[in-house]
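Engineer: For this one, chain Y is given, so just place chain V on it according to the hints.
Listed below, chain by chain, are the residues.
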Amino acid sequence: MSSEVISSGHSACAGCGEIMGERMVLEAIGKDVIVCQATGCMEVTTTPYPKTTFKVPWVHVTFENAASVASGVVEADRKLGGDATVLAIGGDGGMMDIGFRALSGALERGHDILVVITDNEAYMNTGIQRSSGTPKYASTTTTPAGKVIPGKLQWKKNIARIAVAHGAPYVATASVGFPQDLAAKVKKAKSIRGPKLIHLFTPCPVGWGFDSSKTVYYAKKAVETGLWPLYEVEHGKLKIDQKPSFAPVEEYFKGQKRYKHLTPELIAEIEKHVKDRWAELEKQEAAGINLQLLP
Amino acid sequence: MVKKIEEGSHAVADVVRLLNPGVLAMYPITPSTHIPERLSEFEANGELGGKIIRVESEFSAISAVVGASARGIRAYTATSSQGLALMHEVLFAASGMRLPIVITVANRALSAPLNIFNDWQDSISERDSGWLQFYGEDSQEVVDLMIQAYKIAEDKRVLLPTMVCMDGFFLTHTYDVIDVPEDLKGFVPDYKPEHAFLDPKKPMTQGAWAMQEPYFKLRKELEEAQRSIFPVIKEVHDDFAKVFGRSYGDGLIEVYGEGDNAVVTMGSFSTNLKVLADKLGFQVIRIRCYRPFPDKELAAALKGKESVAVFEKDVSYGTGHGAVYNDVRTVYNGKMVNFIVGLGGLDVPVSALEKMYKQVPEMKDAETRWQI
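So the sequence lines, in the order shown, correspond to chains Y and V. For the first sequence, our numbering assigns the number 1 to the initial residue and increments by one for each residue that follows. For the second sequence, our numbering assigns the number 1 to the initial residue and increments by one for each residue that follows.
Simulated from the structure, these hints should not be mistaken for laboratory data. Please note that a few of the clues may not be correct.
SDA-like, lysine to any residue: derived pairs with alpha carbons at most 20 Å apart [claimed, not checked]: (1) V:Lys201 / Y:Leu294; (2) V:Lys192 / Y:Gly82; (3) Y:Lys190 / V:Pro200; (4) Y:Lys51 / V:Tyr215; (5) V:Lys355 / V:Gly259; (6) Y:Lys156 / Y:Ala145; (7) V:Lys202 / Y:Gly81; (8) Y:Lys220 / Y:Pro135; (9) Y:Lys79 / V:Phe244; (10) Y:Lys51 / V:Asp199; (11) Y:Lys157 / Y:Ser8; (12) Y:Lys237 / Y:Ser191; (13) Y:Lys51 / V:Leu218; (14) Y:Lys31 / V:Lys201; (15) V:Lys201 / Y:Asp83; (16) V:Lys3 / V:Phe244; (17) Y:Lys136 / Y:His261.
Just a sample of chain V residues kept apart from chain Y, beta carbon distances all over 12 Å, derived [stated by the list, open to error]: (18) Glu47; (19) Glu56; (20) Gly186; (21) Ser307; (22) Gly318; (23) Lys364.
A virtual CB, placed ideally from N, CA and C, is assigned to each residue, including glycine.
For reference, chain Y alone in the conformation it holds in the complex (with noise of 0.2 Å):
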């Protein structure tokens, strides 16, 4: 699909979550922009020399590195004399693993940026891997679901709520399955200055093994079923942008390979998981505190 930002030919699977969400968050920004992307399958499908998909002035330079060299590039461009919004774009291991020191760097630092986390939950462009961002009991190369591990054995790390932590102005989840409500916080997020965050929920059906055609239909599952929350966090107050159906979540699990194993006692784990965490989130907006200010 062509655009203002990206043009079509990129070499991105079909039904592929990430570029949509490259492309969703690049159309809100506008073209005075520069990015900074983390190596992943949104570089490698993207620019193979000579070639660009990019409209908009695009670097990349290591797997771990993009929060810093935005760092670099926002300072350079301020004392340039633009005002380019620069965005630090990555995946969950691009920005929760390995890029995890330069990102908290960057977001404790304050400088104006917008990174965005598109998180397809597994290293992909490796091939399958499991990375901090991967679901407890999804199974990818490195946890396989086998007789006697079900999968990954550990929860996902909350990477919203540590930028939360580190003092960031605007911090946000999202989904490509509504596109709307991503345009609207990065739109907001342009509007703030310092550092953003929003975690984009980025399907990926090479590695969660589903049929192409569902991308748009799991990144709303995930949302109806309250496994992924839409909310925003603005100088520490959050918002609850969409209270799910909290259909079961077995309905978001049915057709990815990556949960085929799932035994009802693990399903009920997960589902108590959401509601638990839920609880939480509505306590917390309830009470209109500063999660900024917590110990």
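Structural biologist: Then chain V, alone, in the frame of chain Y:
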């Protein structure tokens, strides 16, 4: 011209302020730390043109500097040892992206065991990163190299990142009479890149990936660029001499004294070897530009020597020699021996050098001896 008694690190900070990088990234590591401290004082007093980013690691220091340079502004950082090692991955990206960053390396030993003192193992280990490398003999030369380095790196015929190396503590923490120019007299023009910038008005993709054939060609181009710039280095050195009145050999190597036998070395303890040369009558050939490697100049300087002894503070592990010896071997076929000295900051006084040098006649070709 005002000569001041100044610490080496502070003189470097003075000249960096004059060179006016738009972005400076800083992370503390001994013995480079006095440079960012002094630059921070300049900033606090409103005397620094650029913006300092106090990053959370050297990895981010070099990454931020790469980002700033890719945006199209002059950028600077300083580091040592583990910090340079942590930058390793990004060093290769910076040279591949042809970004003319200049960094000061305050040379220090690498772990393990942990050791904060001087040797060259940190920058020597990055000799194949595609960066230019210069080694200064004293703080005055390091100051002069900083000025020349930006002019060389940003030259359209070059466009390569550059390390200016100074021995940790021996230069960074010692006071010397140093002439830091009060202004650069237009010697280093503003950096206005035509090849690499990130401007929304003129979109550009930087840092693409490449398949086998274009990758191969681009890496070959990087080596061809390194090998083609000797005239630029000499030209900048000679022009600098005209404007500022100081010169260092031909800009690539410096030949000191005369003799049928030669010592090849780099860095600050060259001074000790020169003192010894005055007494024993050998010639000192000091490598100032280590990358690109000035093979033709060295071959000419070493031609017809009865023996060559290479003194160095690094090891190319598993080869039986230091890296400098191995490089010099490629241009000299006569009797050549190697002394590994000063690792982990071990003092290398003239007396120790004399004891070692007097062993040369009894040594076999290609033999390596260690200071202790």
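Engineer: Holds or violated: Y:Lys220 with Y:Pro135, Cα cutoff 20 Å?
Structural biologist: Holds. Y:Lys220 to Y:Pro135 sits at ~17 Å (cutoff 20 Å).
Engineer: For the pair we were handed, Y:Lys237 and Y:Ser191, check the Cα-Cα distance against 20 Å.
Structural biologist: Between Y:Lys237 and Y:Ser191 the Cα gap is close to 17 Å, so the pair holds against 20 Å.
Engineer: Given the proposed pairing of Y:Lys51 with V:Asp199, does the C-alpha separation stay at or below 20 Å?
Structural biologist: This hinted pair holds, its Cα atoms lying about 18 Å apart.
Engineer: Regarding the assertion that V:Ser307 does not contact chain Y, is the least Cβ-Cβ distance greater than 12 Å?
Structural biologist: Holds: least Cβ distance 45 Å, greater than 12 Å.
Engineer: V:Glu56 clear of chain Y by more than 12 Å, beta carbon to beta carbon?
Structural biologist: Violated, since 3 Å does not exceed 12 Å.
Engineer: Against chain Y, does V:Lys364 keep a CB gap of more than 12 Å to every residue?
Structural biologist: The claim stands: V:Lys364 keeps its Cβ more than 12 Å from every Cβ of chain Y (closest is about 45 Å).
Engineer: Against chain Y, does V:Gly186 keep a CB gap of more than 12 Å to every residue?
Structural biologist: 21 Å, holds
Engineer: Given the hint that Y:Lys190 pairs with V:Pro200, does the C-alpha gap stay at or below 20 Å?
Structural biologist: 16 Å, holds
Engineer: Keeping to a limit of 20 Å between CA atoms, is the pair of Y:Lys51 and V:Tyr215 held or broken?
Structural biologist: Judged against 20 Å, a Cα distance of about 13 Å means the pair holds.
Engineer: Sort out whether V:Phe244 lies within 20 Å of Y:Lys79, counting only the CA atoms.
Structural biologist: 30 Å, violated
Engineer: For the pair supplied as a hint, V:Lys201 and Y:Leu294, is the alpha-carbon distance within the 20 Å limit?
Structural biologist: Outside the cut-off at roughly 43 Å; violated.
Engineer: Can you confirm whether the C-alpha distance between Y:Lys31 and V:Lys201 stays at or below 20 Å?
Structural biologist: Holds - the C-alpha atoms of V:Lys201 and Y:Lys31 are around 9 Å apart, at most 20 Å.
Figure legend: structure checked against the earlier numbered hints; hints not met, in rising order: 1, 9, 11 and 19.
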